[in-house]
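Undergrad: When you get a sec, could you build the whole thing from the sequences and use the hints?
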Amino acid sequence: MRLHAGRLRAAYRRMLAAYGPQHWWPGDTPFEIMVGAVLTQNTAWTNVERAIANLKAADALSPETIVSLPPDHLAQLIRPSGYFNIKVRRLRNFCRWYVAQGKIRALRRLDTATLRHGLLSINGVGPETADDMLLYAFSRPVFVVDAYTRRIFSRLGLMDGEPSYDGLRLGIETALGPDTDVFNEYHALIVRHGKDVCRTRPQCEGCCLRGVCRWHGEGV
DNA sequence: TACCAGGAGAAAA
DNA sequence: TTTTCTCATGGT
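Under numbering that gives the first Met the number 0, the first residue of the first sequence is numbered 0, with each subsequent residue one higher.
Check before you lean on any hint, since a few could be wrong.
Said to hold, decoys possible - Taking CB as the label site, the calculated pair distances span:
| no. | residue 1 | residue 2 | range |
| --- | --- | --- | --- |
| 1 | Lys55 | Asp159 | 40 to 50 Å |
| 2 | Ala112 | Ala4 | 20 to 30 Å |
| 3 | Val98 | Tyr11 | 32 to 42 Å |
| 4 | Trp44 | Tyr11 | 18 to 28 Å |
| 5 | Asp178 | Ala17 | 15 to 25 Å |
| 6 | Trp44 | His72 | 21 to 31 Å |
| 7 | Pro25 | Leu109 | 18 to 28 Å |
| 8 | Glu63 | Arg12 | 38 to 48 Å |
| 9 | Leu169 | Gly117 | 12 to 22 Å |
| 10 | Lys55 | Arg104 | 15 to 25 Å |
| 11 | Ala4 | Glu63 | 38 to 48 Å |
FYI, nobody ran anything at the bench for these hints, they're computed from the structure.
Ideal Cβ positions, reconstructed from N, Cα and C, are used throughout, including at glycine.
TA: Right under this line is the structure:
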């Protein structure tokens with residue numbers, strides 16, 4: 000899918016000017032970022048923070064500990080993040096794979112396509128979670144597509160129909176050119192904007208994309 | 001009270 | 001193959 004590079008950049012500049020840098024991803028280590036990526040699936044980040052705090056307090060934020068911990072115990076620790084029974088399985092699947100691959104040191108040596116393929120082979124790691132990991136834990140130039148991206152880009156008139164995940168991702172990556180820093184900030188700004196305006200104030204009054212957004216009648 | 005959140009996979013059609 | 005259902009806590 001082809002996207003208008005100028006309009007993509009215009010929306011980015013507007014949001015950056017309105018909100019400033021978002022400093023994503025919140026996390027002390029690549030592994031913590033990857034754990035957060037699994038825990039935040041369809042879940043508010045504030046709930047994930049509680050779960051990660053519990054893991055840290057229990058000295059359980061390591062792949063070996065997560066794999067060896069009794070599932071019931073792990074479930075109690077991550078309970079605040081919701082879907083805890085499913086996320087126990089997903090976290091354990093991810094951690095088993097992570098250790099088997101040789102952890103961060105070995106994974107960093109893989110090219111992006113191979114690493115992405117490996118992540119997607121894990122039951123519980125879908126395209127968005129894998130791309131969160133690639134972008135924010137491995138600093139690879141991969142654009143993360145989420146529900147907000149579709150909603151906002153659709154309103155901007157940048158998208159036609161309902162492109163596939165990879166169709167939209169590749170379209171954005173091609174239009175913007177490979178730039179890890181821009182991809183990092185852009186996705187964070189989309190989430191920030193989505194939470195701020197597009198859900199709670201559907202009429203976009205005071206929206207930083209006024210004049211860019213299709214809802215206000217004019218394009219860029 | 002009802003709705004939603006920084007999705008993914010299984011089950012059903 | 002495409003659509004629908006399930007998973008669950010915490011904030012608004």
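Undergrad: Under the constraints set out in the numbered hints, which ones does this structure not fulfil?
TA: Result: no hint breaks.
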